[in-house]
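2 protein chains.
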Amino acid sequence: MPLHARIEAAVAAAIADGQSGSPPPRLASALQYAVTPGGARIRPTILLSVALACGDRRPALADAAAAALELIHCASLVHDDLPMFDDADVRRGKPSVHRAYSEPLALLTGDSLIVMAFDVLARAAVHDCAAAVELIRILAARTGMPGGICAGQGWESEAAVDLSAYHRAKTGALFIAATQMGAVAAGQEAEPWEELGARIGEAFQVADDLRDALYDSETLGKPAGQDAIHARPNAVAALGVQGAIRRLNDILAGAIASIPSCPGEAMLAAMVRKTAERLTPVAPVRARA
Amino acid sequence: MPLHARIEAAVAAAIADGQSGSPPPRLASALQYAVTPGGARIRPTILLSVALACGDRRPALADAAAAALELIHCASLVHDDLPMFDDADVRRGKPSVHRAYSEPLALLTGDSLIVMAFDVLARAAVHDCAAAVELIRILAARTGMPGGICAGQGWESEAAVDLSAYHRAKTGALFIAATQMGAVAAGQEAEPWEELGARIGEAFQVADDLRDALYDSETLGKPAGQDAIHARPNAVAALGVQGAIRRLNDILAGAIASIPSCPGEAMLAAMVRKTAERLTPVAPVRARA
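Chains as they are written, first to last, in the numbering used here: chain Y, 13 to 301; chain C, 13 to 301.
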């Protein structure tokens, strides 16, 4: 089965479990809304690519890990779009969850998706209890405090920001979770896979900065120019457009160099290159005023 | 060690883990603020009481379960106090988290506490992997969708409310988690313990209705009269004060009758009676205008 089909099936199965019995109908609908359409599913794709590169010894565990990671990512988008954070009306080309439903339902959707992510991994313990618990520990570390995406978002409420901790937690954390969870689901050690995830995360951050600075809202499918509006650090502001593109390519070369020795090493390098092509803004981009 | 000391130590250890390294300082501070002062810690007290009644075979697992349950309860209070829900300025006699910090930090505090709860249980897997996973599954079922406290809160966004599903999820869920997690942490089956949790939850709901209707905000330590303001169902409105007190006592008698056979059966019955005394508003209460 192609990766995207595995990911969609795993996410759909998790959401279906959360809608069984007689749940409150609007919240049940909002859960479904928050995870579709899928978009690139870039984090679970990386996760499954690493699992495959390591032999994909327990596909059911890898699928659960992919679904759990994507549920956390979707939860973070729903919460980040709320008026108290980015106040984004649009996400993936359609109204954000709080615009389509309500702020209370958006908050509960995020909370429910977080819980569901850990439940999906706990269910997968039937395949390998110790591995499932390690997957839960990795996902928790990269989601909550002190070093996960919650911590990353928390840095935005500080007067003095530790920029390296900020970027590592805000954008890097779920990419590190992706590479480490893929390895663990396939029976490998997590630790050697941290650097690849961290470097993909850095590349993603620079690419996101480029898109935020260069694209309009219609192309992005979400509000553009948010970094300038919220006075957030941005690689384009620091390095210029060409400098940021050079930086992106340097990081991706480092990412490829960091891939641990494994049967699917060449395939993973190709995946990183493909991700790079997808991430790098192609000319001509329209500069906003 | 007395139960309250076990609970405080377990909660404090979890929060300390979430503040290690270099987390964003204000969010780290908000986590601590959200879980103190402890108040009655009624859910983890029930959990540990059940574990003790069942022999408390793995105290470290029971302590982890108690901490995880209390972290979820505190997360729900922080999110429920937000302006989009109860808009509560005061909680446990001090400013609510969003008043003391900010709305973004309150949302992130709740998210971080949810993640931390599952991480605490995953850490405890070193004592018994299968039991830790079952604890995670129970806590997830009683926290998220379709039947946990998120679902309970979700019912408040519905035009037509399934009242029984609403109360079971909104108030009952974490009491069922308390009795079932206590039993599982001590190596017993979860299922026979559902009814005791459900009945304590019902009793708590009626007691909460009585307090909300009869007490002023100063006595409650949080805004009073919220059910009338938000047009939520309330046992006092339906049965009158004396009727609601009779109903509370009937439910507690049923709770005691439902206690499964175990070494600490008599101790548990005494715990339920003591909970009843603590819950039942004592005369004279001051009726609000």
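Watch out, some of these pointers could steer you wrong.
[Claimed, not checked] From the structure, some residues in chain Y lie toward chain C, with a derived Cβ separation under 8 Å:
{"no.": "1", "residue": "Ala25"}
{"no.": "2", "residue": "Gln44"}
{"no.": "3", "residue": "Gly156"}
{"no.": "4", "residue": "Glu170"}
{"no.": "5", "residue": "Ile263"}
{"no.": "6", "residue": "Cys274"}
[To be verified] Covered stretches of chain C (in silico footprint by chain Y; criterion: 3 or more residues with CB under 8 Å from a CB of chain Y, positions within the stretch not fixed):
{"no.": "7", "segment": "16-26"}
{"no.": "8", "segment": "32-38"}
{"no.": "9", "segment": "92-100"}
{"no.": "10", "segment": "120-128"}
{"no.": "11", "segment": "131-145"}
{"no.": "12", "segment": "148-155"}
Worth flagging that the hints you see were computed from the coordinates, not collected in a lab. Even for Gly, the Cβ is constructed at its ideal location relative to N, Cα and C.
In rising order, the numbers of the hints this structure does not comply with:
Violated hints (numbers, rising): 1, 2, 5, 6, 7; every other hint is consistent with the structure.
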